[in-house]
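**Student:** Please build the complete structure, drawing on both the sequences and the hints.
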Amino acid sequence: MSAHKDFVANNSQYAETFKEGDLPIPPSKKLLIVTCMDARIDAFSSLGLNLGEAHVVRNAGGRVQDAVRSIIISQRLLGTREIAVFHHTGCGMLTFATPQLRDIVKNSAAPEHATEIAQVIDQTNFLEFSDLEQSVKDDVKFLKENPLVLKDTVVTGWIYDVHDGKVKQVA
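In terms of our numbering, the sequence shown opens at residue 1 and continues consecutively.
Just so you know, not all the hints are guaranteed correct.
Heads up, simulated DSSO-like pairs for lysine-lysine below, C-alpha to C-alpha not over 27 Å straight-line [to be verified]: (1) Lys106 to Lys30; (2) Lys106 to Lys29; (3) Lys19 to Lys30; (4) Lys141 to Lys30; (5) Lys166 to Lys141; (6) Lys151 to Lys29; (7) Lys151 to Lys30.
Computed Cβ-Cβ distance ranges for the label pairs, DEER-style [said to hold, decoys possible]: (8) Gln169 to Ile72: 33 to 43 Å; (9) Asp122 to Pro147: 23 to 33 Å; (10) Asp103 to Pro24: 39 to 49 Å; (11) Leu51 to Val167: 38 to 48 Å; (12) Asn10 to Asp152: 26 to 36 Å.
Keep in mind that the hints were calculated from the coordinates and are not lab data.
Backbone N, C-alpha and C define an ideal beta-carbon position, used for all residues, glycine too.
**Tutor:** Below, the structure is given as structure tokens:
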């Protein structure tokens, strides 16, 4: 069964008590969070945040290199001045290497698209990591050294534990 078939009914229940329709576009805490797309992470509840207080950018592994476009928009057009990078325990990005994933994609390609897919996938870096804490530190360093990130931005790095819901600052 497809999950989308429940969207309208579930949304109707949500909309009955929705009261945040007049929030301003810029986040009130001037905060942007970069975190993983992992379905076990609730970036708002786990940090005590409410709608309208922070931007949340999610991608595989919470890698900031994938989030630069959103960071620029958030900072330059919407006033964020703090970035919190969150990676998490049990992340799938710890379980593979780019060459392995490239081979999986190539091997599953339809023969008529194999050459085109190989050319594209060979240019893709999946930004996996083997050391969770170091990956956070590397991403914080990347942001602090990136000329596209505003100079006085506060950048911190965190690990979220999916087993107990606790966060720990590592950078």
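**Student:** Each hint should be assessed against the structure and marked as holding or not.
**Tutor:** Hint check results:
| no. | hint | result |
| --- | --- | --- |
| 1 | Lys106 to Lys30 | 42 Å, violated |
| 2 | Lys106 to Lys29 | 44 Å, violated |
| 3 | Lys19 to Lys30 | 21 Å, holds |
| 4 | Lys141 to Lys30 | 20 Å, holds |
| 5 | Lys166 to Lys141 | 23 Å, holds |
| 6 | Lys151 to Lys29 | 18 Å, holds |
| 7 | Lys151 to Lys30 | 15 Å, holds |
| 8 | Gln169 to Ile72: 33 to 43 Å | 25 Å, violated |
| 9 | Asp122 to Pro147: 23 to 33 Å | 28 Å, holds |
| 10 | Asp103 to Pro24: 39 to 49 Å | 47 Å, holds |
| 11 | Leu51 to Val167: 38 to 48 Å | 20 Å, violated |
| 12 | Asn10 to Asp152: 26 to 36 Å | 41 Å, violated |
Of the numbered hints stated above, those contradicted by the structure are hints 1, 2, 8, 11, 12, listed in ascending order.
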